[in-house]
Amino acid sequence: MQTNQDYYRTVGLRSTILWWVVVFFVFIFILRLFYVQVVRNSYYVEEAKASQVTKLTIFPERGNIYAVDNLGEEIVPFVLNETVYTVFADPYEVKNALEVRNVVNEIAAGEIVETGFDLLDDKKLRYAVLARQVSRPQAEMIAKKELAGVGLQKGSRRVYPEGILASQLLGFVDNEGIGKYGLEGYMDKELGGVPGRLETVTDVRRIPLTIGDDNVSQPALDGSDVVLSIDRSVQFKAERLLREGLERSKATKGSILVMNPSNGRILAMANYPTYDPAKYTEVDDYAVFQNKTVAYPYENGSVMKTLTMGAGLDSGAVTVNSTFADGTGCYKMEEWPKAICNVEDDPKKAAATMLDVLRYSLNTGVIYVLRQMGGGTINDQARNTLYSYFHDKYRYGQLTGVEQDGELAGTIIKPTDQEGSSIRYANMTFGQGMDNTMIQTASAFSMIINGGTYYKPTLVRGTYQQGQVIEKMPEVVASSVIRADISEQIRDLIWQGRKTGFFGKNDPEGFKVGGKTGTSQVIDPKTGRYSDDNSIGTYLGFGGSNSPEYVIMVRVDDAKVPGYAGTSAAGPIFNDMSNWLLRYLNVLPSAG
Amino acid sequence: MSYFRTQNSATTFSSSRRQRQATANRQWQRNQNTVAFAPKVSLGPVAHTIIIALLVAILGLIYLSQVTKTSSYGYELDRQNTEMATLTAERQGLEIENARLQALSRVADSSIAKSMVEPTSTDYATR
Chain V
1 MQTNQDYYRT VGLRSTILWW VVVFFVFIFI LRLFYVQVVR NSYYVEEAKA SQVTKLTIFP
61 ERGNIYAVDN LGEEIVPFVL NETVYTVFAD PYEVKNALEV RNVVNEIAAG EIVETGFDLL
121 DDKKLRYAVL ARQVSRPQAE MIAKKELAGV GLQKGSRRVY PEGILASQLL GFVDNEGIGK
181 YGLEGYMDKE LGGVPGRLET VTDVRRIPLT IGDDNVSQPA LDGSDVVLSI DRSVQFKAER
241 LLREGLERSK ATKGSILVMN PSNGRILAMA NYPTYDPAKY TEVDDYAVFQ NKTVAYPYEN
301 GSVMKTLTMG AGLDSGAVTV NSTFADGTGC YKMEEWPKAI CNVEDDPKKA AATMLDVLRY
361 SLNTGVIYVL RQMGGGTIND QARNTLYSYF HDKYRYGQLT GVEQDGELAG TIIKPTDQEG
421 SSIRYANMTF GQGMDNTMIQ TASAFSMIIN GGTYYKPTLV RGTYQQGQVI EKMPEVVASS
481 VIRADISEQI RDLIWQGRKT GFFGKNDPEG FKVGGKTGTS QVIDPKTGRY SDDNSIGTYL
541 GFGGSNSPEY VIMVRVDDAK VPGYAGTSAA GPIFNDMSNW LLRYLNVLPS AG
Chain R
1 MSYFRTQNSA TTFSSSRRQR QATANRQWQR NQNTVAFAPK VSLGPVAHTI IIALLVAILG
61 LIYLSQVTKT SSYGYELDRQ NTEMATLTAE RQGLEIENAR LQALSRVADS SIAKSMVEPT
121 STDYATR
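From first to last, the protein sequence lines stand for chains V and R.
Going by the numbering used here, the first sequence wraps up at 592, each residue one higher than the last.
Going by the numbering used here, the second sequence wraps up at 127, each residue one higher than the last.
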């Protein structure tokens with residue numbers, strides 16, 4: 001029999017065993033806790049964060065684009081942002097698909113995504129887009145209907161209150177929010193801003209809660225609001241006159257550029273045909289997106305004679321009083337079978353003046369200037385001198401840096417290249433054998449008539465901050481490029497050339513309007529040779545009173561009217577624009 | 001001052017003056033406590049633990065109420081942000097409408113503008 005003593009001994013033993021078992025398990029727990037909380041601490045902290053913390057990107061608002069009007073007195077919006085919504089459905093939650101279809105169709109008929117409604121019956125899906133780009137009032141009406149399973153997602157789109165005005169210089173923003181073409185493409189970073197970051201604990205509806213020690217709240221930096229140098233009225237008039245001019249001459253394409261020669265600011269820049277940037281997805285021919293004034297190098301033709309003459313006068317090769325023998329009206333070079341001849345208007349004077357060169361557009365006259373650069377023949381010195389003016393001083397073959405996406409530098413052949421022959425350089429004096437953009441030529445032309453300062457052409461007047469325009473100073477690329485007195489001489493020659501020529505009668509008294517026509521043959525892509533069927537007409541000129549107030553360059557492609565396209569198609573557009581600008585800019589006639 | 005617990009654990013008061021006078025034959029000084037306090041009920045370790053646990057629980061509740069209050073600011077902030085976004089969208093809408101109404105193509109194509117004529121000649125007040 002078990003005695004009391006044995007009983008107490010047994011109980012004591014069991015208690016001891018139980019005690020050690022408990023101690024053992026407590027020890028295990030402590031070990032496990034140590035492992036979880038100390039050894040794997042960082043892992044579990046990250047796991048917890050991942051499930052509780054939401055990382056959100058705060059999208060910045062893209063900068064607006066403004067232009068000026070009334071000579072800079074007024075700031076007008078060209079591109080603004082509009083809040084729009086995407087209507088989506090969670091098919092699993094949708095209770096009445098027919099009602100959803102009817103309501104969304106009724107309110108947002110124009111923005112419907114038809115395929116979205118077909119997905120409403122598929123209960124395995126959780127997301128179907130029913131309509132895109134829905135306006136705020138439409139979104140509010142849909143929200144009021146309280147449709148089960150239907151939600152609204154906020155977004156933004158660019159709107160163009162002025163419609164198609166200046167579309168090619170503005171460009172557009174694609175579905176990814178990236179600026180394409182024009183200013184939107186060139187200034188995508190500045191306009192786009194910098195996204196912000198929010199890392200915070202959120203609730204199930206992803207609403208940020210103000211708890212937690214590691215919250216990150218970095219606000220987005222909105223894009224800059226840009227003010228263009230474009231004057232809305234000048235742009236509007238330029239587009240209308242270009243379109244009317246092209247219709248008159250039955251031409252297919254054309255461009256116009258208006259700039260202030262005293263600071264390089266562009267007042268208008270237009271192309272035709274054009275497009276609606278709000279409907280850029282409907283455009284079939286992507287070439288229409290290009291701003292051809294900066295992205296279409298072509299042989300400018302005889303408008304280049306003004307620049308060749310400037311080079312001749314500044315280099316001292318000729319003076320305004322120089323004369324040359326133009327009895328035959330042609331110039332024959334040994335290395336080329338055909339002679340280079342002048343147009344029919346050439347009076348074929350025995351002693352043609354430099355004014356005659358511009359007045360009658362004498363090819364032989366500018367070749368004479370080139371020959372004089374070489375001391376009487378087209379030699380290395382002549383070619384090097386012309387190249388140094390065209391490339392180094394007029395900056396052909398280089399980008400101007402105007403704020404446009406897709407600007408091209410054009411082509412100018414060096415005299416040291418195999419193709420840089422005398423015949424090529426003879427052609428270059430009257431704008432053939434080299435490709436330039438309109439912005440290059442208008443900028444160089446501005447320089448030779450403004451006293452010799454080359455301003456970087458610009459479309460940006462400044463930024464818009466709290467209702468104030470923070471003006472950007474005009475950027476001087478090079479000063480005293482040609483002598484000031486030479487600039488005055490060439491300006492007078494161009495003025496007299498126009499005044500005594502075909503278009504002189506169009507200009508009002510008391511104003512100095514100068515200009516030069518240019519008609520260049522176009523190489524037929526089929527034959528690789530210059531074609532007589534097509535040509536590009538150009539007019540380049542300035543206007544003002546005592547000093548030039550504006551430079552206008554007009555280009556017309558494929559005009560189908562008799563005569564030289566520079567005179568019959570581009571010239572009249574220049575005349576209309578110039579006469580209108582004199583009034584719009586309040587230019588007063590000079591007493592002389 | 002001194003306290004001590006008596007044998008029967010009841011609170012008693014005794015004059016230590018007399019006792020000490022008798023044993024140590026000391027001279028009493030001013031402001032010297034001659035009464036010892038011994039509480040009848042004392043708190044053991046279990047009671048202390050419970051009290052501490054209760055205090056921790058109360059502090060925890062206070063902390064939780066504060067955290068909840070702070071998180072409610074998140075909702076308020078979200079509500080105000082939403083309101084701000086709505087007002088911004090409304091302002092944008094009005095700006096766009098205003099700009100559209102003042103667009104040059106609209107003005108130029110208006111009946112008033114179409115009835116205007118080009119000036120035949122221009123006179124200048126000053127030359």
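None of these hints come from the bench; they were simulated from the model.
Be careful, since some hints might not be right.
To be verified - In silico DSBU-like pairs for lysine-lysine, Cα to Cα no more than 30 Å straight-line:
hint : chain 1 : residue 1 : chain 2 : residue 2
1    : V       : K505      : R       : K114
2    : V       : K250      : V       : K526
3    : R       : K114      : V       : K250
4    : V       : K279      : R       : K114
5    : R       : K69       : V       : K55
6    : V       : K526      : V       : K505
7    : V       : K253      : R       : K114
8    : V       : K253      : V       : K55
9    : V       : K279      : V       : K154
10   : V       : K49       : R       : K114
11   : V       : K279      : V       : K253
Quantities reported herein were computed from a predicted structural model and do not represent experimental measurements.
Evaluation of the provided hints:
1. Of the supplied pair hints, the one linking K505/V and K114/R holds, its CA atoms being roughly 28 Å apart against a limit of 30 Å.
2. Between K250/V and K526/V the alpha-carbon distance is near 23 Å, which keeps this suggested pair within the 30 Å criterion.
3. Pair hint K114/R plus K250/V holds up; C-alpha atoms about 25 Å apart against a cutoff of 30 Å.
4. Between the alpha carbons of K279/V and K114/R the distance comes to roughly 28 Å, so the proposed pair stays at or under 30 Å and holds.
5. Taken as a hint, the K69/R and K55/V pair is honoured in the structure, with Cα atoms around 23 Å apart against an allowance of 30 Å.
6. With a C-alpha separation of about 41 Å, the suggested pairing of K526/V with K505/V is violated against the 30 Å cut-off.
7. Taken as a hint, the K253/V and K114/R pair is honoured in the structure, with Cα atoms around 27 Å apart against an allowance of 30 Å.
8. Of the supplied pair hints, the one linking K253/V and K55/V is violated, its CA atoms being roughly 51 Å apart against a limit of 30 Å.
9. A C-alpha spacing of about 20 Å is found between K279/V and K154/V, which places the hinted pair at or below 30 Å, so the restraint holds.
10. Of the pairs offered as hints, the one joining K49/V and K114/R is violated, with about 67 Å between alpha carbons and a cut-off of 30 Å exceeded.
11. Taken as a hint, the K279/V and K253/V pair is honoured in the structure, with Cα atoms around 21 Å apart against an allowance of 30 Å.
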